[in-house]
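2 protein chains.
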Amino acid sequence: MSKLKGVVLLGQSGGPTSVINASAAGVFLEALKHPDRITGVYGAVHGIKGILNEDFYDMTKEDPKELELLKNTPASMIGSVRYKLADPKVDDTDYKRLVEVFRKYNIRYFFYNGGNDSMDTAHKISEFMKNSGWECTVIGIPKTIDNDLYGTDHSPGYGSAAKYVATTLMELYHDATVYDTKQVTIVEIMGRNAGWLTAASQLAIEKGQGPDLVYLPEQVFDYDKFFSDVEKVLEEKGKVIVAISEGVQDAEGKYIPAHFQELRTDSFGHAQLGGTATILAEQVQERLNVKVRAIEFSLMQRSGAHLASKVDVREAFHAGVKGVREALKGTTDKMVAFKRISSNPYKMKYVLAPLSMAANTEQKVPLEWILPDNKGLSKEFVEYALPLIQGDDKAPLEDGLPRFANLKLVRVPKK
Amino acid sequence: MSKLKGVVLLGQSGGPTSVINASAAGVFLEALKHPDRITGVYGAVHGIKGILNEDFYDMTKEDPKELELLKNTPASMIGSVRYKLADPKVDDTDYKRLVEVFRKYNIRYFFYNGGNDSMDTAHKISEFMKNSGWECTVIGIPKTIDNDLYGTDHSPGYGSAAKYVATTLMELYHDATVYDTKQVTIVEIMGRNAGWLTAASQLAIEKGQGPDLVYLPEQVFDYDKFFSDVEKVLEEKGKVIVAISEGVQDAEGKYIPAHFQELRTDSFGHAQLGGTATILAEQVQERLNVKVRAIEFSLMQRSGAHLASKVDVREAFHAGVKGVREALKGTTDKMVAFKRISSNPYKMKYVLAPLSMAANTEQKVPLEWILPDNKGLSKEFVEYALPLIQGDDKAPLEDGLPRFANLKLVRVPKK
Numbered sequence: 000m001s002k003l004k005g006v007v008l009l010g011q012s013g014g015p016t017s018v019i020n021a022s023a024a025g026v027f028l029e030a031l032k033h034p035d036r037i038t039g040v041y042g043a044v045h046g047i048k049g050i051l052n053e054d055f056y057d058m059t060k061e062d063p064k065e066l067e068l069l070k071n072t073p074a075s076m077i078g079s080v081r082y083k084l085a086d087p088k089v090d091d092t093d094y095k096r097l098v099e100v101f102r103k104y105n106i107r108y109f110f111y112n113g114g115n116d117s118m119d120t121a122h123k124i125s126e127f128m129k130n131s132g133w134e135c136t137v138i139g140i141p142k143t144i145d146n147d148l149y150g151t152d153h154s155p156g157y158g159s160a161a162k163y164v165a166t167t168l169m170e171l172y173h174d175a176t177v178y179d180t181k182q183v184t185i186v187e188i189m190g191r192n193a194g195w196l197t198a199a200s201q202l203a204i205e206k207g208q209g210p211d212l213v214y215l216p217e218q219v220f221d222y223d224k225f226f227s228d229v230e231k232v233l234e235e236k237g238k239v240i241v242a243i244s245e246g247v248q249d250a251e252g253k254y255i256p257a258h259f260q261e262l263r264t265d266s267f268g269h270a271q272l273g274g275t276a277t278i279l280a281e282q283v284q285e286r287l288n289v290k291v292r293a294i295e296f297s298l299m300q301r302s303g304a305h306l307a308s309k310v311d312v313r314e315a316f317h318a319g320v321k322g323v324r325e326a327l328k329g330t331t332d333k334m335v336a337f338k339r340i341s342s343n344p345y346k347m348k349y350v351l352a353p354l355s356m357a358a359n360t361e362q363k364v365p366l367e368w369i370l371p372d373n374k375g376l377s378k379e380f381v382e383y384a385l386p387l388i389q390g391d392d393k394a395p396l397e398d399g400l401p402r403f404a405n406l407k408l409v410r411v412p413k414k
Numbered sequence: 000m001s002k003l004k005g006v007v008l009l010g011q012s013g014g015p016t017s018v019i020n021a022s023a024a025g026v027f028l029e030a031l032k033h034p035d036r037i038t039g040v041y042g043a044v045h046g047i048k049g050i051l052n053e054d055f056y057d058m059t060k061e062d063p064k065e066l067e068l069l070k071n072t073p074a075s076m077i078g079s080v081r082y083k084l085a086d087p088k089v090d091d092t093d094y095k096r097l098v099e100v101f102r103k104y105n106i107r108y109f110f111y112n113g114g115n116d117s118m119d120t121a122h123k124i125s126e127f128m129k130n131s132g133w134e135c136t137v138i139g140i141p142k143t144i145d146n147d148l149y150g151t152d153h154s155p156g157y158g159s160a161a162k163y164v165a166t167t168l169m170e171l172y173h174d175a176t177v178y179d180t181k182q183v184t185i186v187e188i189m190g191r192n193a194g195w196l197t198a199a200s201q202l203a204i205e206k207g208q209g210p211d212l213v214y215l216p217e218q219v220f221d222y223d224k225f226f227s228d229v230e231k232v233l234e235e236k237g238k239v240i241v242a243i244s245e246g247v248q249d250a251e252g253k254y255i256p257a258h259f260q261e262l263r264t265d266s267f268g269h270a271q272l273g274g275t276a277t278i279l280a281e282q283v284q285e286r287l288n289v290k291v292r293a294i295e296f297s298l299m300q301r302s303g304a305h306l307a308s309k310v311d312v313r314e315a316f317h318a319g320v321k322g323v324r325e326a327l328k329g330t331t332d333k334m335v336a337f338k339r340i341s342s343n344p345y346k347m348k349y350v351l352a353p354l355s356m357a358a359n360t361e362q363k364v365p366l367e368w369i370l371p372d373n374k375g376l377s378k379e380f381v382e383y384a385l386p387l388i389q390g391d392d393k394a395p396l397e398d399g400l401p402r403f404a405n406l407k408l409v410r411v412p413k414k
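So the sequence lines, in the order shown, correspond to chains B and R. All residue numbers for the first sequence refer to numbering that gives the first Met the number 0, where the first residue is 0 and numbers rise by one. All residue numbers for the second sequence refer to numbering that gives the first Met the number 0, where the first residue is 0 and numbers rise by one.
Rather than coming from a laboratory, the hints here were simulated on the basis of the structure. Take every hint as true, because none was put in to throw you off.
No copy is singled out in the list; a pair is fine if it fits within one copy or between any two copies.
Think about it this way: if two alpha-carbon atoms lie no more than 30 Å apart in a straight line, the pair counts; the simulated DSSO-like pairs of lysine-lysine are: (1) Lys48 <-> Lys236; (2) Lys231 <-> Lys48; (3) Lys393 <-> Lys64; (4) Lys48 <-> Lys290; (5) Lys290 <-> Lys253; (6) Lys363 <-> Lys309; (7) Lys393 <-> Lys206; (8) Lys64 <-> Lys206; (9) Lys393 <-> Lys309; (10) Lys393 <-> Lys378; (11) Lys393 <-> Lys346.
Next comes chain B alone, as it looks inside the complex (with noise of 0.2 Å):
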């Protein structure tokens, strides 16, 4: 398998992150150094749907300084998709189509930038093309600002957007705190099951300008607990700031807008939310009879490049250029993870993973870095979270805006 020739593509999936296509870029220009044995470079057109509609960018038809701008450049510029495949023993027209498309193509090397659901899809893909006869090579790259990926250190896209929310957090503090009125503001962060990003508080927290009270979808959410809380807190300091994770559940697992509409679910079968800040401010006031104000971090949080960590551009990046190697080794079946070798000083090594391990498992906030009363995180989280968000990298400036990359996306015409 080593010496195969043939194809790379590579297929963007699921939400944006601020470093998706920093790992794109890595991917794109460590492929276009094999010409010897990588005859094409393809970017599927909204991952997987693209595949099956034979949608390909042809991206050696980009300029290679366009590409390197990508790494500063947000959300998935060859498209995502949030598409999901059957289970191949129940309906496997989906991965016959696939490897009709990957032989019409000569796609030899072939990776899935994604979280939880694409690296499930990644391995159904890699059994079903090992059985099938055709010998591809399949890697998959880590992505998620949720920072639930399982097998892995950490993941590209979390970072950044922990430094998003830290950062924002200690504007916001001192936004908040100029009246000398009461005043409460609940900030929304998102995480689905993990709460991570909203963990990356207590980094604001540790410089003394973070929120009062955190709360993870780790724990139940007790809607009394809460209002007591911020009671308590309003009376002691005046000003009361909530930083909450959109995915917090009560104890029969609602989240909080379920508590007023039926949730409608996305075709994963994930609960489309939104609206937990504001339904808990509207709430606050009623009670408490005090100026509230509900934040949404909503998609800035994770298209906001201008903010991204240097660490996490770097790995994403790197990440990309390692799952070209490993495929050229004809390493498959796996997905490139980090291993943290120690904190202070950082220290990172690039590894690999079964994909069938981070396959819809979520990595969680380990409970005992979870203080008690919703104080923040432990001491164990700093060390953990730092490293991740540190220095800068962004797109340079072109008339005081990003000038983010400009591909031209020629498509490859279709056989």
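Guided by the hints, dock chain R onto chain B, whose structure is given.
Okay, now just chain R, sitting in the frame of chain B:
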């Protein structure tokens, strides 16, 4: 008057910006250079309220290095206030008290940093003191992200907020277009009666990475037109990004939330806004049955010091410096203002405008700069705004996070 000797007092008023503390740094650091004339440097704790309560910080106790860091620290470090003084013809209680306190502490140089309401307040104080025989120069330092202050080309705070809006919209553009599904994203931007900040969307549009539709409060908001605008773009492109000011009003002068509930008002008689994007998003979803997301830039747009414009930080600082220099010359009842000499290259002169001129007169976006069909702003606007967002200037990083000013905030002993 030019030989007056006494205390400098600075008050901050109204909503925070990224650079209100830069102006404070300008006042404090310049004042500290003139011990022959300036016998004390005070910060009023929560603006006018602090003066009425004889509650001051002694800025001479601060480390000058920390005062330098104020340039990049958002919001109001000495506390702000929304307190409306009565018309002195109706009730002069507060004014008498102010003069009493000024005499007691020998305050001879008073600086008030704020927007329209604050300039009005400063002017009334100036008049009253003149009539009371207490010699004290009164200088206004402009400040507002809304950029609606009359008598100045632009106001400190606007450039940085505009840079936040344009940069973040560019990032959201990338995020909001990654899926191949239809999507409407509605972004709500601050600005009560003037649309300058929402207009900054045009800077992102110029890069091909901005909203499709832009709604300013300078034009009557027509619901039918809005829904048909959105539907049209959705049919053409499949994605719609809308930038809308919180302050848009229909033909009856009603804000969008007022269609649904009675508006609360603050002590200046201004409506408490918010919810515009959410309400419109719900309406669009109902009518067009499409995936919709409402985003509010909320406090982030006015406290995002990590994304401050270098030009803005510099001008805010020098407005403070200029204020002190003018006061020492005996200038009074004036606001430090900016006069533009040219846009390209950008040249600007610090001048003085009568406080009475700035007071309560709102500078709005010229109607002739607004393109038809909510397509954005003209080249004239771009020429106007572009110089104001140039360059980066942010706090140094410590542990990967901003190292904001750390003041001792020592109280002046009450006399």
